[in-house]
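Asks: Please work from the sequences and hints to get the whole structure.
Protein chains: 4
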Amino acid sequence: MKAVVYKEPFKVAVEEVPDPQLQHPNDVIVRITSSAICGSDLHMYEGRTAAEPGIVFGHENLGIVEEVGAGVTSIQQGDRVVMPFNVACGFCKNCVAGHTGFCLTVNPGFAGGAYGYVAMGPYPGGQAERLRVPFADFNCLKLPPGTEHETDFILLADIFPTGYHGCELAQVSPGESVAVYGGGPVGLMAAYSALLRGASKVFVVDRVPERLEKAERIGATPINFAEGSPVEQIKEQTGGEGTDKGVDAVGYQAQAGAQQREEPAVVLNSLVDTVRATGMLGVPGLYVPSDPGAPDEQAKRGMLLVSVGRLFEKGLRMGTGQCDVKRYNRQLRDLIIDGRATPSFVVSHELPLDEAPKAYEKFDKRVEGYTKVVLHP
Amino acid sequence: MKAVVYKEPFKVAVEEVPDPQLQHPNDVIVRITSSAICGSDLHMYEGRTAAEPGIVFGHENLGIVEEVGAGVTSIQQGDRVVMPFNVACGFCKNCVAGHTGFCLTVNPGFAGGAYGYVAMGPYPGGQAERLRVPFADFNCLKLPPGTEHETDFILLADIFPTGYHGCELAQVSPGESVAVYGGGPVGLMAAYSALLRGASKVFVVDRVPERLEKAERIGATPINFAEGSPVEQIKEQTGGEGTDKGVDAVGYQAQAGAQQREEPAVVLNSLVDTVRATGMLGVPGLYVPSDPGAPDEQAKRGMLLVSVGRLFEKGLRMGTGQCDVKRYNRQLRDLIIDGRATPSFVVSHELPLDEAPKAYEKFDKRVEGYTKVVLHP
Amino acid sequence: MKAVVYKEPFKVAVEEVPDPQLQHPNDVIVRITSSAICGSDLHMYEGRTAAEPGIVFGHENLGIVEEVGAGVTSIQQGDRVVMPFNVACGFCKNCVAGHTGFCLTVNPGFAGGAYGYVAMGPYPGGQAERLRVPFADFNCLKLPPGTEHETDFILLADIFPTGYHGCELAQVSPGESVAVYGGGPVGLMAAYSALLRGASKVFVVDRVPERLEKAERIGATPINFAEGSPVEQIKEQTGGEGTDKGVDAVGYQAQAGAQQREEPAVVLNSLVDTVRATGMLGVPGLYVPSDPGAPDEQAKRGMLLVSVGRLFEKGLRMGTGQCDVKRYNRQLRDLIIDGRATPSFVVSHELPLDEAPKAYEKFDKRVEGYTKVVLHP
Amino acid sequence: MKAVVYKEPFKVAVEEVPDPQLQHPNDVIVRITSSAICGSDLHMYEGRTAAEPGIVFGHENLGIVEEVGAGVTSIQQGDRVVMPFNVACGFCKNCVAGHTGFCLTVNPGFAGGAYGYVAMGPYPGGQAERLRVPFADFNCLKLPPGTEHETDFILLADIFPTGYHGCELAQVSPGESVAVYGGGPVGLMAAYSALLRGASKVFVVDRVPERLEKAERIGATPINFAEGSPVEQIKEQTGGEGTDKGVDAVGYQAQAGAQQREEPAVVLNSLVDTVRATGMLGVPGLYVPSDPGAPDEQAKRGMLLVSVGRLFEKGLRMGTGQCDVKRYNRQLRDLIIDGRATPSFVVSHELPLDEAPKAYEKFDKRVEGYTKVVLHP
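Protein chains in written order, with numbering that gives the first Met the number 0: chain A, 0 to 376; chain B, 0 to 376; chain C, 0 to 376; chain D, 0 to 376.
Think of the hints as simulated: they come from the structure by calculation, not from any bench.
Note that the structure is predicted; figures quoted are calculated from it, not measured.
Warning: the hint list may mix true and false statements.
From chain A, some residues computed to sit far from chain B (all C-beta separations above 10 Å) [to be verified]:
no.	residue
1	6
2	47
3	96
4	111
5	291
Pairs of lysine-lysine residues, derived as DSS-like cross-links and limited to a Cα-Cα distance of at most 25 Å, are as follows [said to hold, decoys possible]:
no.	chain 1	residue 1	chain 2	residue 2
6	C	234	A	141
7	A	92	B	234
8	C	234	D	92
9	D	364	C	299
10	D	364	D	10
11	B	10	B	364
12	A	10	A	234
Just so it is clear, CB atoms sit at the ideal spot from N, CA and C, and this is done for glycine as well.
Replies: Structure follows, in structure tokens:
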């Protein structure tokens, strides 16, 4: 079958690879109809991880079940399903507690597995014609048959739940104000989720005009950090007080000010200043314990200078970590089915699999409006 | 009346000061029968804060109501009461949400007030014969008449709730394992609270033998960090996995290894390594945004090098801030009354007010077993 | 001053009564600009309670502060404020726990007080020119100056929070389906709140066409119980499964079928059938321990035949009781200010105080579209 | 193999039945070393259910894994395991939400399955030499090898988690007072759990002296309802107020007063009177929608006269339903392993499988101290 294969930094190719096979009674094979490119795929694409050439990318996957293992109970051939980017077993203590992003079974020696991602276990990605899905009863979310809402549903694999997770970690509640740092796909999904949860006022901080426009279109207040301190701008609009809650949808590649210099802790520390005493921070934005490309020695080891004194003085609480997609995907699916959520507004391009190399290149450069690409194998 | 007055670094005196007066209809005047010295009093005592000479110390106060303002409803002359160290109004949005440590009313321009503490508002302390208590209906917790449990009840003003708060921030639940860093009075109260909440296994990390002995006596497992990495010792005793939860009962004056060198983030970073993926950290230990005595320029501003990469990778959640005593003190009082809790085991000395200068000196030097002193004016 | 005074069953009059006075340092006097008539006022109006002639009605009150007691801290003359219908002290253990509807201070011998309501304490109502508000710092919610949103804000006194409370008791969460029994003002507010909280599908059960139309207009699905079993209709629209959650916005005067015969437990038992196993029921609809007008002896004592067997078999959880308005009113106010909520769509009439007798009569008969009346003294 | 087979009302026999076989790749076969008799087995034994002759009893099972299906990942031959009485799939929406007692997969058409119980699915019981366990990765809880704590661990299958569940439904928290109605094995486990969770005062209501003695021995306060109204006795010991929380560990076969007449709602209604306003009730005690032996026509259909008026007036919340054992069994196991819990104090008899007929007879008659029997095949 054809698949998107990582060749070297800044280069992927669509190549023939072996078809996936059922390896375990609980596996299914899914024929992929949609697979999205994620911002975190670019970390590998840019050579900023330990990813080796040959890896098949793609952890946001949706398709039709083609083959079903003998132990699978609830999934049948022909079912249309979307998979969380996390691979999870469903029975370890972390899965049972809802922390499916930290499964102890699927990637021995580490808490958490994923498709098509370096160090996340032996699971080829879904930017391909077919995908093996382990523990299929647990990992497949059934969708209505047909092709309706395809572009909304594919976002259930990662970014819609991930944005929502930021709000959950910050316990965003009706009537609260929220500052979302980052207006990329995850940031927009976080702002969208905050509004779905009843927030009264949501700020989105970015400096890319298209992102800020999208934020405004969904009902959020755009804050352009190139035009002045985002903390001050938000305080001005909250009676000097700051917001009740904050979401970091940027992570360790954060850039400070107008100069675009990387400053890995700038978003975390801005959130500490933006959120009022007793508030909460949700941090779905990625931080890593090892970043060879970091601007200083400490940051290369994931050690960042955090304003702990201020954090404590304000009594802030903070939740971090990658999203446990399974905790939210069913409910978010139902919001889509019932017409209450249409997250596909963040998708900029839908392309055939063959155009993946071009899509990666343009998405990586953020040119021609490439913000979120869905591939259709 | 007599009171403990701060004179200069490393010097307090018992002096005559004016008696407190009712200043507002909701005030009461309490004749103090017990007032404890807190580790955080030593920050001022050592001259490591902006505290000016003349301040009356004492935020852990218990006594008998002597005078009652015209607006007070539920408190009467003769009532025996203990006050949270936090001064709180009871009606601002933070108090209503239970965050009485971050009251927006009592210390304008800041979230939170306290008795006898620099920058915490115009409230003289209770290491004195009398104390003015504002918003008395909200700030007085009634106790049974008499003198029974006096040494247990005085701990309701701060350290018992503060230790408990560490467990609450970490959501310590029955059957969980917990690592408490710090075996001082707050750490021991955190360990004691964890056991009261049903933790299955509690570790207390310190290197002072008396503290470790006390930890063992209440049912915790002592970990002497002078004898090797506490992270490794705890992992060894948890099947290599680490604990479910962690509590930082040390704060910014943490010392690393056997050398007793201050390393302000060592406890936070050790907790990140000690607690397993999906765990939670409760941080009642004090961190400050300005510490002139800190070992480096960043730490002087409360900026600490935190292993954010690892924290995120493990999906940890963290709660911080000083304790909202009012959220817990009634329930903890009832545990004392019903004979289910006896926190007074941490008290080392009970002395008359006149001996405060000696008590401060010895407690500051940690000599002669001075770990927790209660003054009886 | 002029006030709405209860004379006898089915008769109120606007009469001169003595002006309220400051009775306690924590009181304020409010000049009422809006006071709404509540469905629960009709219980007294119809003579179906122990209310004695002479009582001044009105527990939904909004106005301008005219006089301020010496102990009041945060409220000033000229402030525009809305009061929860509950009178609460702010410092008893129930208030501190957020259960301000069950204050132990304001109505000795009973948990909970209110303005202008039989057995709820010595607090005349606000369908009058002026109102005394005790514990003013706690009981007054400040509003922006002016007259904007007056008709939305008055609903913060009771029915918007009460509808919201139904959703809170049922823990209505994003993506869930909810059945609201009752399309009166509280039921519509419950449905509106469910949608604000992100419910995916909300059903409103009633048989009055205007109510069902309003339900549809806000995005809910109307279910006319005169056209067939509401349980069956809802199951049909939820794949045979029933809803995740349910709200009883009817209470003890529930009527069954098309015959309009009172059957006090019909809504509770319908909810047990409507909600799927593991679901939750929120019951803000009023049930009383003594109802002289009830259809049978048991019901007269508040004893109802409940399908406990089915309730248990499905593992349902249920929350009941009158709303703790203070827990929600600030956040709901902010949704109004930020333009995210406009609950005034339920108000049918705004009238001068003098027209209260007519308003009561027509509202009680449910004629001429009288569904929710706001009086402007 | 040998198994306890239901023959007719009041008669079981130990007979040869076919050995269980692996039927699905996710099954295991367990050689039973301990299987307890449950009070709910007596419902079938007494002929008070629709159970047909031939059914093999036993839903509290512990043993050694003998055979392992090809799809099982985490369980191996020789593992010592204890199974929740609920059979659950681990991947349906109820299981994912933690409601494993209401699995939608294992017993089509009903929410929830169990071993050896009428209407709970095609799962023979474990009062036998061997047991088939479906979805073994999810349903087996691993125990330390050997035979240590066997009598504590067997209680993890049902009654220890079920008692704990009562406390969880009532959200029993440190410092609270709790009334547990019923001093049988589940009631004692509820009281024990309340104390483990830090309750300050726990009452156990029963009239059997041995039960009340056991309650006292674990630190609870015994209340003999044969000596006067339990409500009044408890109010006397709580300052007239009643308890914060309540647990119904009796269910529908409740008896009133000294006369031992069945009155199915007496415990529920007593709890409404016992628990103070704003409190919570946990109801793990069984109620059924169909009880042919009930004392009246309504009760035969599971319809009980409940004091809804009082329940609402007090703003009580109530949680019901059979226990989701999987939510608690791991943590409770760890309390046993770490020596913090020893629930086996409720076990009165340990007998070989052959003595099951005698054990049923004596347990049913509550003679010779038969309160909790563990069979060892």
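Asks: Hint by hint, say whether it matches the structure.
Replies: The hints, checked one at a time:
1. The beta carbon of residue 6 of chain A is kept farther than 10 Å from every beta carbon of chain B, the shortest such distance being approximately 27 Å.
2. With a closest Cβ-Cβ approach of about 13 Å to chain B, residue 47 of chain A is found to remain outside the 10 Å limit, as its non-interface label requires.
3. A cut-off of 10 Å between C-beta atoms contradicts the statement that residue 96 of chain A is not in contact with chain B; the least separation is 7 Å.
4. Separation of residue 111 of chain A from chain B is inadequate, the least Cβ-Cβ distance of about 8 Å not exceeding the 10 Å criterion.
5. Every beta carbon of chain B lies more than 10 Å from that of residue 291 of chain A, the smallest distance being close to 12 Å; the non-interface claim holds.
6. Between the alpha carbons of residue 234 of chain C and residue 141 of chain A the distance comes to roughly 20 Å, so the proposed pair stays at or under 25 Å and holds.
7. Taking the CA atoms of residue 92 of chain A and residue 234 of chain B, the gap is near 18 Å; set against the 25 Å cutoff, the hint holds.
8. Pair hint residue 234 of chain C plus residue 92 of chain D holds up; C-alpha atoms about 18 Å apart against a cutoff of 25 Å.
9. For the suggested pair residue 364 of chain D and residue 299 of chain C, the alpha carbons sit about 40 Å apart, so the restraint of at most 25 Å is broken.
10. Proximity of residue 364 of chain D to residue 10 of chain D is assessed by CA-CA distance (about 13 Å); at most 25 Å being required, the pair is judged to hold.
11. At most 25 Å may separate the alpha-carbon atoms for a hinted pair to count; residue 10 of chain B and residue 364 of chain B meet this at roughly 13 Å.
12. With a CA separation close to 43 Å, the supplied pair residue 10 of chain A and residue 234 of chain A exceeds the 25 Å bound.
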